[in-house]
Structure formats: structure tokens, C-alpha cells
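Throw the hints in and build the complete structure from the sequences for me.
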Amino acid sequence: MTAPARARRALVTGASSGIGAATVRRLVADGYDVVATARREDRLASLADETGATTVAADVTHADDVDRLMAAVAQGGPLDVVVNNAGGAFGLDPVESADLEQWRAMYELNVLGTLRVTQAALPLLRADGGGDVVIVTSTAAHGAYPGGAGYTGAKAAERMIATTLRQELVGEPVRVVEIAPGAVATEEFSLVRFGGDRERADAVYEGYEPLVADDVADAIAWTVSRPAHVNVDLLVVRPVAQATNTVTARRPR
Numbered sequence: 091m092t093a094p095a096r097a098r099r100a101l102v103t104g105a106s107s108g109i110g111a112a113t114v115r116r117l118v119a120d121g122y123d124v125v126a127t128a129r130r131e132d133r134l135a136s137l138a139d140e141t142g143a144t145t146v147a148a149d150v151t152h153a154d155d156v157d158r159l160m161a162a163v164a165q166g167g168p169l170d171v172v173v174n175n176a177g178g179a180f181g182l183d184p185v186e187s188a189d190l191e192q193w194r195a196m197y198e199l200n201v202l203g204t205l206r207v208t209q210a211a212l213p214l215l216r217a218d219g220g221g222d223v224v225i226v227t228s229t230a231a232h233g234a235y236p237g238g239a240g241y242t243g244a245k246a247a248e249r250m251i252a253t254t255l256r257q258e259l260v261g262e263p264v265r266v267v268e269i270a271p272g273a274v275a276t277e278e279f280s281l282v283r284f285g286g287d288r289e290r291a292d293a294v295y296e297g298y299e300p301l302v303a304d305d306v307a308d309a310i311a312w313t314v315s316r317p318a319h320v321n322v323d324l325l326v327v328r329p330v331a332q333a334t335n336t337v338t339a340r341r342p343r
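Counting in my numbering, the sequence shown runs from 91 upward without gaps.
Each statement offered as a hint is correct.
What follows is a list of derived Cβ distance ranges for each label pair:
#: 1; residue 1: Arg129; residue 2: Asn321; range: 26 to 34 Å
#: 2; residue 1: Gly233; residue 2: Ala161; range: 34 to 42 Å
#: 3; residue 1: Glu277; residue 2: Tyr235; range: 20 to 28 Å
#: 4; residue 1: Asp183; residue 2: Ser136; range: 30 to 38 Å
#: 5; residue 1: Ala95; residue 2: Thr253; range: 27 to 35 Å
#: 6; residue 1: Thr253; residue 2: Ala188; range: 21 to 29 Å
#: 7; residue 1: Pro317; residue 2: Arg194; range: 37 to 45 Å
#: 8; residue 1: Glu140; residue 2: Pro213; range: 27 to 35 Å
#: 9; residue 1: Gly142; residue 2: Thr253; range: 30 to 38 Å
#: 10; residue 1: Arg343; residue 2: Asp154; range: 46 to 54 Å
#: 11; residue 1: Tyr235; residue 2: Ala318; range: 35 to 43 Å
#: 12; residue 1: Gln209; residue 2: Arg130; range: 22 to 30 Å
Derived by calculation from the structure, the hints in this document are not laboratory data. A virtual CB, placed ideally from N, CA and C, is assigned to each residue, including glycine.
Right under this line is the structure:
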């Protein structure tokens with residue numbers, strides 16, 4: 091009698107809210123065994139209760155946390171997918187007056203956090219015959235906009251991780267996928283960017299229909315569901331109203 095195929099197994103970072111939480115929900119619904127990680131244990135606990143996902147509280151900007159996270163992942167069995175979603179933007183200041191600490195924080199989280207998790211995940215992906223490295227960047231990785239140099243720079247560097255890694259792993263059964271969302275209305279992204287200023291955060295999405303987290307989760311789930319010989323190198327997902335980072339059709343007030 092043939093043993094039933096095991097469920098595919100995924101690790102999702104930045105899973106406590108927004109795109110990360112939506113991706114956990116979607117992958118669980120698609121039959122994945124999901125490990126969800128983020129810093130906030132209370133939110134992870136709620137997500138676990140809702141979805142049945144395994145959770146590990148960890149901060150991807152700390153090497154010791156990533157080591158502990160990957161040890162926990164390894165104990166649970168083979169890994170097929172890692173979704174590097176943890177990230178964020180801090181501030182919208184011109185280069186001339188930019189806050190160096192905000193830039194440092196964006197590089198630590200978006201770039202080095204993704205690098206740490208990817209480096210640690212690759213041996214686990216290879217151990218069972220390969221898998222998928224998904225890196226959630228942004229349309230910010232593909233074009234500049236005023237006030238955005240810190241975030242666009244960090245996301246462009248994160249994009250280079252994906253683009254370069256794909257070349258370095260060519261010939262191996264490891265797919266590297268970049269998902270680049272445009273404007274996505276989540277509960278926290280713009281609020282964090284503007285230091286809790288709700289009025290500024292809400293204004294980002296006024297006058298048009300932005301993406302929601304489920305739209306991006308759907309894109310992620312689609313890319314990792316492709317046949318093994320198919321790699322989606324880059325998937326840019328924008329609201330219909332958004333043509334570029336600086337051109338959005340908004341309804342008159």
C-alpha cells in the first residue's frame with residue numbers, strides 16, 4: 091500500500107498581520123503545513139487558534155532568533171517553501187533630511203532579515219529535494235519616488251538577493267520568486283511608516299481602491315503552486331488605479 095503524500099510545508103515571516111497573516115491563512119486553506127513567525131506572540135497565538143498553523147516568535151533582525159526559528163522548523167520535518175515577507179517602511183523624508191536610524195532599521199529588517207532567513211532555510215529546502223524561496227519586495231524596488239529613498243533602496247537591495255540567488259542556484263531544484271506589490275491597504279504598513287499618524291496613513295489610500303492583503307497572498311499561493319519546472323521570476327501586482335509609484339488615478343473629493 092502506497093503511503094499518502096505528505097502535505098507541503100511552508101515558513102512565513104512577518105506573519106502577525108497584513109500580507110504575512112493573509113498568506114498563512116491562504117496556504118493553510120490550500121493544504122500546507124505552515125510555520126508562522128513574527129515578533130508578537132499574542133498575535134501569533136490568535137493566528138494559530140484561527141488557522142492551526144504552528145507558530146514561533148522570532149525577530150529576523152537578530153541572528154540568534156533566526157537560528158532558534160530554523161532549529162524549530164527543522165524539528166518539524168522537511169521544508170518546501172519559505173516566504174520572506176517580514177519588512178516595512180519607516181518615514182517619508184527627503185534624502186537631505188533623512189533619519190539615518192530609520193534607514194538602518196529598514197536595511198536590517200528588509201534586507202538583512204531576508205538574507206538571514208534565506209541562508210538558514212536553503213539547507214532545509216535542499217534536504218528533501220528542493221523548494222521555493224519567495225521574497226516579497228515592493229514596486230518600490232523597481233522605481234524611485236520623492237521621500238522614498240530609504241525604502242526603495244532597501245527593497246531594491248532585497249530584490250537583488252532574489253535576482254542574484256536565482257542565478258547562483260541555477261541547475262538546482264530551488265525556485266526563487268519575487269512578488270512586488272504596489273499599494274496594499276493593510277492595518278499597519280502606512281501607520282507604522284508615519285509613526286502612528288492615522289490621518290496621513292489613511293490618506294495614502296484615499297480616492298481609489300488599493301490592493302488588500304488577500305490579493306498578495308493569492309499571488310504568492312499561485313506562484314508556489316506552479317509545476318516544478320516553472321519559475322515565476324517576478325510578479326508585479328498593482329491596483330488598477332496605480333500606473334506607477336507616482337501616478338495613481340484618484341476620485342475627486
